[in-house]
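Since the structure of chain H is provided, determine the placement of chains B and D on it from the hints.
Sequences listed follow chains H, B and D, in order.
Numbering of the first sequence is given in numbering that gives the first Met the number 0, commencing with residue 0 and proceeding in unit increments.
Numbering of the second sequence is given in numbering that gives the first Met the number 0, commencing with residue 0 and proceeding in unit increments.
Numbering of the third sequence is given in numbering that gives the first Met the number 0, commencing with residue 0 and proceeding in unit increments.
Be aware that a few hints might be false.
[Said to hold, decoys possible] Output of the computed footprint for chain D on chain H, the stretches with three or more beta carbons under 8 angstroms from beta carbons of chain D:
(1) 20–27
(2) 327–341
(3) 358–368
Treat the hints as calculated values from the structure; they're not laboratory data.
Values in this document were obtained by computation on a predicted structure and should not be read as measured data.
We put the CB at the ideal spot given by N, CA and C, even for glycine.
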Amino acid sequence: MVSIGIERPGPRLQARGLTKRFPGVVAADKVDLSVAPGEIHALLGENGAGKSTLVRMIYGVLPPDGGQIHWEGRPARIESPRAARRLGIGMVFQHFSLFEAMTVLENVALGIDNPGAMADLARRVSEVSASYGLPLDPRRGVHTLSVGERQRIEIVRSLLQNPKLLIMDEPTSVLTPQEVERLFKTLRQLAREGCSILYISHKLDEIKALCDRATILRGGRVVAECDPSEETKGSLARLMIGADLKTAKRRAETERGPVRLTVEGLDLPAESLHGTALRKVSFNVRAGEIFGIAGVAGNGQKELELALSGERRAKDAGAVRIQGQEAGHLGARARRRLGLGCVPEGRRGHGAVPDMSLVENMILSGYERMNLLSTGFIKKDAARRFAENVVVDFDVRAPGTAISAGSLSGGNLQKLIVGREILQTPGVLIVSQPTWGVDAGAAAAIHRALADLAAKGAAVVIISQDLDELLETTDRLAVIDRGVLSDPMVTAQASIEDIGLMMGGVHGPAPVHDEALGSRRYAV
Amino acid sequence: MSAETAVLVMLTVISAATPLLFAALGELVVEKSGVLNLGVEGMMLAGAVAGFAVTVSTGSAVLGIVCAALAGALMALIFGVLTLTLAANQVATGLALTIFGVGLSALLGAGFVGVPVAPLPKLAVPGLSDLAVIGPLLFAHDALVYLSILATAGIGWFLARTRAGMILRAVGESDESAHSIGYNVIRVRYLAVLFGGAMSGLAGAFLSLSHTPMWAEEMTAGRGWIALALVVFSSWRPGRVLLGAYLFGGVTILQLHAQGAGGLGIPAQVLSMLPYLATIAVLTIIAAGPWRGRLDAPACLGKLFRPPT
Amino acid sequence: MPFRIDRRREMSRGLLYLSPVLAVAMTVLTGFALFAALGQDPLPALYHFGISPLTTLYGVSELLVKAAPLITIAVGLAVGFRANVWNIGAEGQLTFGAIAAGVVALNFWGEEGGWILPLMCLAGVLGGMAYAAVPAFLKTRFGVNEILTSLMLTYVAALLLSALVFGPLKDPAGFNFPQSRMFTDSALLPIILAGTRLHFGAVAALMIAVAVWVLMTFTIVGFQLRVLGQAPAAARYAGFHGKRLIWICLLMSGGLAGLAGTFEIAGPIGQLIPAITPGYGFTAIIVAFLGRLHPLGIVLAGLVMALSYIGGENAQVEVGLPQAATGVFQGLLLFFLLASDFLVRYRVRLARRVTE
Chain H
0 MVSIGIERPG
10 PRLQARGLTK
20 RFPGVVAADK
30 VDLSVAPGEI
40 HALLGENGAG
50 KSTLVRMIYG
60 VLPPDGGQIH
70 WEGRPARIES
80 PRAARRLGIG
90 MVFQHFSLFE
100 AMTVLENVAL
110 GIDNPGAMAD
120 LARRVSEVSA
130 SYGLPLDPRR
140 GVHTLSVGER
150 QRIEIVRSLL
160 QNPKLLIMDE
170 PTSVLTPQEV
180 ERLFKTLRQL
190 AREGCSILYI
200 SHKLDEIKAL
210 CDRATILRGG
220 RVVAECDPSE
230 ETKGSLARLM
240 IGADLKTAKR
250 RAETERGPVR
260 LTVEGLDLPA
270 ESLHGTALRK
280 VSFNVRAGEI
290 FGIAGVAGNG
300 QKELELALSG
310 ERRAKDAGAV
320 RIQGQEAGHL
330 GARARRRLGL
340 GCVPEGRRGH
350 GAVPDMSLVE
360 NMILSGYERM
370 NLLSTGFIKK
380 DAARRFAENV
390 VVDFDVRAPG
400 TAISAGSLSG
410 GNLQKLIVGR
420 EILQTPGVLI
430 VSQPTWGVDA
440 GAAAAIHRAL
450 ADLAAKGAAV
460 VIISQDLDEL
470 LETTDRLAVI
480 DRGVLSDPMV
490 TAQASIEDIG
500 LMMGGVHGPA
510 PVHDEALGSR
520 RYAV
Chain B
0 MSAETAVLVM
10 LTVISAATPL
20 LFAALGELVV
30 EKSGVLNLGV
40 EGMMLAGAVA
50 GFAVTVSTGS
60 AVLGIVCAAL
70 AGALMALIFG
80 VLTLTLAANQ
90 VATGLALTIF
100 GVGLSALLGA
110 GFVGVPVAPL
120 PKLAVPGLSD
130 LAVIGPLLFA
140 HDALVYLSIL
150 ATAGIGWFLA
160 RTRAGMILRA
170 VGESDESAHS
180 IGYNVIRVRY
190 LAVLFGGAMS
200 GLAGAFLSLS
210 HTPMWAEEMT
220 AGRGWIALAL
230 VVFSSWRPGR
240 VLLGAYLFGG
250 VTILQLHAQG
260 AGGLGIPAQV
270 LSMLPYLATI
280 AVLTIIAAGP
290 WRGRLDAPAC
300 LGKLFRPPT
Chain D
0 MPFRIDRRRE
10 MSRGLLYLSP
20 VLAVAMTVLT
30 GFALFAALGQ
40 DPLPALYHFG
50 ISPLTTLYGV
60 SELLVKAAPL
70 ITIAVGLAVG
80 FRANVWNIGA
90 EGQLTFGAIA
100 AGVVALNFWG
110 EEGGWILPLM
120 CLAGVLGGMA
130 YAAVPAFLKT
140 RFGVNEILTS
150 LMLTYVAALL
160 LSALVFGPLK
170 DPAGFNFPQS
180 RMFTDSALLP
190 IILAGTRLHF
200 GAVAALMIAV
210 AVWVLMTFTI
220 VGFQLRVLGQ
230 APAAARYAGF
240 HGKRLIWICL
250 LMSGGLAGLA
260 GTFEIAGPIG
270 QLIPAITPGY
280 GFTAIIVAFL
290 GRLHPLGIVL
300 AGLVMALSYI
310 GGENAQVEVG
320 LPQAATGVFQ
330 GLLLFFLLAS
340 DFLVRYRVRL
350 ARRVTE
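Next comes chain H alone, as it looks inside the complex (with noise of 0.2 angstroms):
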C-alpha cells in the first residue's frame, strides 16, 4: 500500500547504531531503522535475528548497550513503557503482557496511565474496540477468553492511548488465517488515519499483503531495506535466510505398514480453571505415516499431549494404543517401554532440564531404552557415548557433553531432544511445536529427520500451531478445536480456507461464526 496525497514530514521514529548484547551473543548490532508516519513496516527475520530485542529497546522494556532513538526528528530516551507510551508508542506483544485472573478492563487500566474512572474506561473500551471491529466485554476475566480475543485486549489498550507509532511482535501466529485478514483490516484503517505501524513477522506472505517498507534483519544486523511489494517470496526469503528457501518437497508416497498409534474416545478433564478439556479423541497414526494436528494455541494442544506421552494417564485403558497394546491407564515410563517418544512443546525445563549436563540429560528419557542402569547404578560411560553419538548425529553445536543444556541455543537443544528420542529408535513419535523459536538451518533437520524416521517405519504426529510447517511436512492433518479433534484428511488435498474455518478460535460471541464452524465440523 502506498499512501497518497499527504506529502511525508520526516521519519516519525528513526533509530541509529542501536546495539544490545547478551552473554556470548550480540543480539541487535548497529542496527539502523526509520518508519514514516502512516506507514506500515515490515521488521523481516527469522528467530534469534533480532527483531524482538530491537523493539523491546524502542519499547523500553530493555535498556540499548549504543545507539540513539530519535522521535519526530529528535533525540529522544526512553527509559521505561511508560516513557514509550507518553512519546505515543504502543505495543502488542508476542507473548502477551496480560493478568490471566483480572479482568478485561483491569487488564486495559494497567496498560494504560490515565485510565481515569473504571465506568468512564469501560465505556470508551466498548468505543474504541466497536470502531476497529474488535469486540471485546469488558468484565470478563481473561482467562475465560480465545487467545484470539486477548490479542484484542493488547491492542484496544494500545488504541485507547492514541498512538502515533502501534508495534506488533508476530501478531499473527496465535490467529485463524481468517483473523488474520480481520487483523490486516484493522490496521490498515489505523495507517489511513496516520499511525505508524511497525509489523515484526518472518512469514513472507503477510509482508508482501500488508506492509509499505521492510527492514530485513539477520543475524542481528540489517541486511536490507527494501519494499516488499516489489520484492518476490523468494527474493525476501534469500535476504531474511542468506540462502534459498527449501521449498520441502511434498514427500513420496510410501508405502503405509501397520496401525502404530491408535487413540479412540480420548477423554481428559481439565486439569486447572484455565486448562481445556479433551473430547472424545479419536486417530490412529500408520507405521510410515507423518499424522498433524493443527489448531489455535490453547484449543487443548497441550492437553492431548500430555495424554499421549503418559504424563497424563487416561480412564479407559483402550483410550491410548501403542503398538497394539493398551496404554491409556500407563504413565510416561510404561509407555515408553512400549517403543513411544515423545519430543514436548517445553524444551527448557521440560523436555530438558537447563542446569543439567548433555549427559544428564540423555539419562532423563533414555535410561531404560538405552539400558544405561545396573542395579539401580548409573552407567556414566555409556550414558556419555549416547550424548556423543545424538551430538554428532544431530550436529547439536556445543563443546562437549559436559556443558549445561541450558547454556545451548533454542535450535541447538531442539535438536538434542530430537535425537536423544530419534536414537532411541520409537515405534510412534510425538512432537510437539517441534520448530518454535528454532532457526532455519536447524527446523529443515530437524524435519528431515522426521520424515526418515516415518520412512524407516515409525508413526510420527506433529502438533503445531504452524500450519505452514503441517502442510510441508504431514500426511494427514486434523483440526483441534476446544479439546475436540475433526474428522482427519489428507494433507494434500486440504485446503488452507477450510481449516482456518475449523481452526474456529473465537470462543465468545460471534454466533454466525460458530454456526459456520458446527456445521463444517459435524455434516461430515
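Relative to chain H, chains B and D alone:
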C-alpha cells in the same frame, strides 16, 4: 455462664486473635505481590522486643509501637535485599530470617526478661463503652485492636478499589507482564515486603505490650507460622483473614479455659497442642475441599524475578 | 546503573565452593562489629567464640558431639531440599524419634543385652519416619504444603515430650523432676574416646554422609530426586513417580532426624528430659545450605555450625556473651551465604559508558 463471663472470654479471644490478624494481613499483602516471606515469626519477635524495650525505656507506648513496626520493616528489608535484589531463594531466606529473629530478639531482650510494663491503655468510646455486653466488646479496646480492624477494611479496600492495589495484584499475578507494561516489579515488591514486616512488627508489639504483657524469649510460640497458614485459609481475602484469626483466637482461648477447668483429665500439654493441630486440620480441609484449585493464590507466588538488563 | 549484572550461562563452579568461605568470613567480620556494639572487646570475644574451644582435646571431642546430630539431620534434609521438598520439621521428628527410642530404653530398663541399642535405633528411625509421614501423606494425598505442617508438628512433638516426662515416663525416684530414669548401660552408646562424651554417633554421621553422597551422585534415585527439584515438569515427562520421591525425601530426612534424636538421648543426655535439643533440627537447615546441599560439604558445614554452639557456650562462660548470640551468628551466616550465592549465578561488572 453469665453474660459477664462470656464477655470476658470474648475479650480474651479478641486479644489472642489480634496479633494473628496483624501478621496475616501483612503477609497477605506480601503474597499478593508474589512474594512468600516465611520469616513472619522472626519479624514478629523483632517487633515484640523492640516495642517492649522502647516502651519500658522511654515510657511511651506510642513510640514503642512505632519502633516495633520499624523493627519489623527493618527485618523485612533484609529479606527484600536478599530475595528481590540478590535473587536468593525465598523459602531459604524466610527460614533464615526466623532463625535470625529468634536469636536477635533474645540477645536484645536479655535485659528485659521479667521487667513489668503497663499494658496499653484501653480507649473507651465515651457513652458507648458503658453499654451492657456490646460496650466492653466493641468500644473499650486498646488502640491496636481498633487499628487491626481498620487495617482489615483498609487493605480490602486498597486491593479491590485502588489503582495501586490493582498494580500490586498485577505484579503478583504476572511479573513478566507487569514488567513489560512498564511497572517496576522490584519496587512494588519491596514496598509490599516492608509493609508486611511493619505489620508483623505490630503483631509482635501487641503480644508484648497488650496480650501478655511482658517480654520472653520466643514468646510468639509459632504464631507467625499460624499467620502464614491463615493466609492460605483465607484464599488471600482480607475479610476471611479476620474470620480465621478470630477462629484461631477462639481455639487458643478454648484450650486455655479447658486447662484452667482442670483439663477434663487431659494433660495441659495435650490441650496446648490444639492450635497447632487445628492449623494442620484447617490446611488439609482447605487443600482437600471441593473448592480446591480455586484458591486464588497469586500466580507468581514464590517465583524468582529479575528484570532483564 | 553503575553496575551491569548478567546472568551467567553456566554457574560458576569455583564461586559455588568459595561462597561458603566468603559467607563465614563476612560473618566473622560482622561478629567483630556486633561484639564491639555489645561493649565487648571483639578480639578476645572472637577468640573465645571461635578458637579457644578447639585448643583442647575435650573441646574438639565436644565439637564432634555437637556436629554429629547436625550432620545426620542435614544430610537427610538436603536430599529433600534438592528435590524441592521442604521438610523444616526435623526438630519435631528428632523429638518424636527420641521419644520412641526412649520408650524402648525405659521399657527394658535394667535389662542387659546387645540388642537393646539396635532396637532403640530402629525405634528412633521408625519414630522419625512416622512423624515425617504425616506431612508426606498430607502433601501427596491432598497437596498440603509440607513447610507449615512439618513445622506445626514440631510444636506438637515438644509438647508431647513434655507431657510424657511430666507424666507417665517421669522417674519414680526423681523427686518429681520432669525427667525419666537414667538409662542403663545397655541403652547407652559406646564412648569412642575415653574421658570425653564422644560417642558412636559421630562415626555414624560420617558413614551416613558417604552413603547419601553415593545415593545422590551415582544412582538413578538420586538422579530422579535432582530432576524433581530442578525441573518438576521434566520429572513428569521422564515418568518419575513424583509422589514416591516426595515420600522418600520425607521418610529419609525424618528417619535420620529420629536417629539423631536417639543418639542424643542414648549418648550425651542418657535419659528423656523436656529439652533434648538446642534447636539442632533448625540449625541443620543452615548446615544443609552451608554445605551446598552436598553430603560431603555438609560434614564440613556441620563442624562449623557445631563450633557456633560450643563457641557460644564458651564465650558465655569466659566473657559473659549472651547465649542468644549463637542464633544471631547462625542467622547471619545463612544471610551471607544466600547473598554470596548471587555471585555464583550472576556476573557483576562495572558498566561501561556506552556512547556513540
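Hint check results:
1. Counting residues of the segment 20–27 of chain H whose C-beta lies closer than 8 angstroms to any C-beta of chain D gives 3; at least three are required, and the coverage claim holds.
2. Coverage of the segment 327–341 of chain H by chain D holds in this model, with 7 residues showing a Cβ closer than 8 angstroms to a Cβ of that chain against a need of three.
3. Counting residues of the segment 358–368 of chain H whose beta carbon lies closer than 8 angstroms to any beta carbon of chain D gives 5, which reaches the threshold of three, so the coverage claim holds.
When each numbered hint is compared with the structure, no violation occurs for any of them.
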